[in-house]
Amino acid sequence: METVKNHFFSDMGVMLGRSMRHVFRSMDTIVTVCVTPIAMMLLFVYVFGGAIQTGMDNYVNYLLPGILLIAIASGVAYTSYRLFLDKQRGIIERFHSMPIARSSVLWGHVLTSLVSNALSLVVIILVALLMGFRSSAGLLPWLAVVGILALFTLALTWVAAIAGLSAKTVEGASAFSYPLIFLPFISSAFVPTDSMPTVVRVFAENQPVTSIVEAIRALLADQPVGNEIWTALAWCVGIMLVAYIFAIRAYKRGV
Amino acid sequence: MTNNSIQVKGLQKSYKQHQVLKGVDFEVEQGSIFALLGSNGAGKTTAVKILTTLLKPDSGSVTVNGFDVATRPDHVRQAISLTGQFAAVDEILTGRENLVMIAKLRHLKNPRQVADDMLKRFGLTDAADRRASTYSGGMRRRLDIALSIVGKPQIIFLDEPTTGLDPEARIEVWKIVKELADGGTTIFLTTQYLEEAEQLADRIAILHEGRIIANGTLQELKKLFPQAKKEYVEKQSTLEEIFLAIIGNKEAV
Ligand SMILES: Nc1ncnc2c1ncn2[C@@H]1O[C@H](COP(=O)(O)OP(=O)(O)OP(=O)(O)O)[C@@H](O)[C@H]1O
Ligand SMILES: [Mg+2]
Numbered sequence: 004m005e006t007v008k009n010h011f012f013s014d015m016g017v018m019l020g021r022s023m024r025h026v027f028r029s030m031d032t033i034v035t036v037c038v039t040p041i042a043m044m045l046l047f048v049y050v051f052g053g054a055i056q057t058g059m060d061n062y063v064n065y066l067l068p069g070i071l072l073i074a075i076a077s078g079v080a081y082t083s084y085r086l087f088l089d090k091q092r093g094i095i096e097r098f099h100s101m102p103i104a105r106s107s108v109l110w111g112h113v114l115t116s117l118v119s120n121a122l123s124l125v126v127i128i129l130v131a132l133l134m135g136f137r138s139s140a141g142l143l144p145w146l147a148v149v150g151i152l153a154l155f156t157l158a159l160t161w162v163a164a165i166a167g168l169s170a171k172t173v174e175g176a177s178a179f180s181y182p183l184i185f186l187p188f189i190s191s192a193f194v195p196t197d198s199m200p201t202v203v204r205v206f207a208e209n210q211p212v213t214s215i216v217e218a219i220r221a222l223l224a225d226q227p228v229g230n231e232i233w234t235a236l237a238w239c240v241g242i243m244l245v246a247y248i249f250a251i252r253a254y255k256r257g258v
Numbered sequence: 105m106t107n108n109s110i111q112v113k114g115l116q117k118s119y120k121q122h123q124v125l126k127g128v129d130f131e132v133e134q135g136s137i138f139a140l141l142g143s144n145g146a147g148k149t150t151a152v153k154i155l156t157t158l159l160k161p162d163s164g165s166v167t168v169n170g171f172d173v174a175t176r177p178d179h180v181r182q183a184i185s186l187t188g189q190f191a192a193v194d195e196i197l198t199g200r201e202n203l204v205m206i207a208k209l210r211h212l213k214n215p216r217q218v219a220d221d222m223l224k225r226f227g228l229t230d231a232a233d234r235r236a237s238t239y240s241g242g243m244r245r246r247l248d249i250a251l252s253i254v255g256k257p258q259i260i261f262l263d264e265p266t267t268g269l270d271p272e273a274r275i276e277v278w279k280i281v282k283e284l285a286d287g288g289t290t291i292f293l294t295t296q297y298l299e300e301a302e303q304l305a306d307r308i309a310i311l312h313e314g315r316i317i318a319n320g321t322l323q324e325l326k327k328l329f330p331q332a333k334k335e336y337v338e339k340q341s342t343l344e345e346i347f348l349a350i351i352g353n354k355e356a357v
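Chains as they are written, first to last, in my numbering: chain A, 4 to 258; chain B, 105 to 357.
Hint data in this document are derived by calculation from the structure and do not stem from the laboratory. Each hint should be verified, as a subset may be incorrect.
[As the list claims (entries may be wrong)] Some but not every residue of chain A turned toward chain B, in silico, with C-beta under 10 angstroms: (1) 20; (2) 172; (3) 174.
[What the hints assert, rightly or not] Residues from chain A that face chain B, not an exhaustive set, calculated with beta carbons under 10 angstroms: (4) 43; (5) 98; (6) 100; (7) 101; (8) 226.
Note that the Cβ used here is the ideal one computed from N, Cα and C, for glycine as well.
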């Protein structure tokens, strides 16, 4: 038992190395994850943007946080996909019949999700810079942004893990991400919520994306973040904990 | 007391209401080859998963290498390795990378050297740096078995190791299994092919409708074969005939 525990980090390192190889050998997945958010950004900035009143003079600045969340929501679908394949092909069983720390298999996938989503986000931010995105924020607010995005990625990755571990088909493994990708549209990510009908507005203002988007937006604009950041963090941590519990349960049941 | 690597007593397992194993008993002597024979859905894979700590038994006692699978799974895992029914190789990695990965997970001193040796031993050197997804079924199975014996486990489980292979690849796998057994490894294999059990196994157990309906050496099983044999004295009965005869008898009762 002790020997197994002591090896947790080296085992997880091997698992991380393995699934990072998967990511780098299918760079198309990173490209796929980037293409849709970038296309949306182009569409909203150059087609709809002129007609949208946000109270900010730079619409790219307004839009970017929501675009980043959409990218994460579609990026985690690959984690779900990779976990599903590992389960289906008996790779998880092979690992589990070996004297290694069992959870290292899952954590390898989770860390890979963090790294590959970070890569996609960097690409999208670079494109946004070309399109006129500017931030006056210093190091500290940027670090806070990175922290929130990492927490959001972790939270959705655990949701993805539930889907990947309990899915019966490949399609099922990634279907969960469609509603997640849709969520930013009913939030303040693209347009301020004031113009929405009451019912929609109440939903939009109280769902996680709005608080997260507004916290990131304020941080990047170097403005006071107020309570939004605490609401955003609470959402991220809350989703993460609940999803983690269910994912671990699915993991133990499934194999 | 003989030296048993595996001891199974009164093993039961159900999936929901569907009872798959209804009280299975057998023992596997250290260093021997044991074949568990059964048709589709007999519960072979279920038995293997319980023996390799992947599934929990509902009742009965299962001991592998002296440790109970339910209470000391970590100790069991130190001694075993599993080659599942469907080759579990990482298709995106190359053959070499697959081997290095497993060697690292087994915390061996020199993973690259281990991988090189295995590649040579299994005739995969030329394909070493190609992705496993480009391998033929036979190569994939060889890699799969190679992955299982990295780190020299004492007990190896092979679940239908030759299903889906052509005759040549099958004979190749048989050769590997025999070599392993000669080296002192205990081998537990499942198969639907009677010929395979006949070729390889020191002892054969037939799993049918949740129970072991026959268990013995090939010679012992042949004695179980009913009188009809006398009419064909010159012809050795094959395991297939014995199998069908035993199953037929059970179902007639
Ligand atoms: N996870 C599961 N849930 C429900 N039923 C299952 C599950 N796994 C197996 N079964 C059922 O249990 C029975 C035994 O399955 P098992 O896979 O152990 O058979 P097998 O002897 O390995 O068959 P095969 O030769 O086809 O591999 C089958 O009827 C199968 O449908
Ligand atoms: Mg089977």
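Tell me the hint numbers this structure goes against, listed in increasing order.
2, 3, 4 and 8
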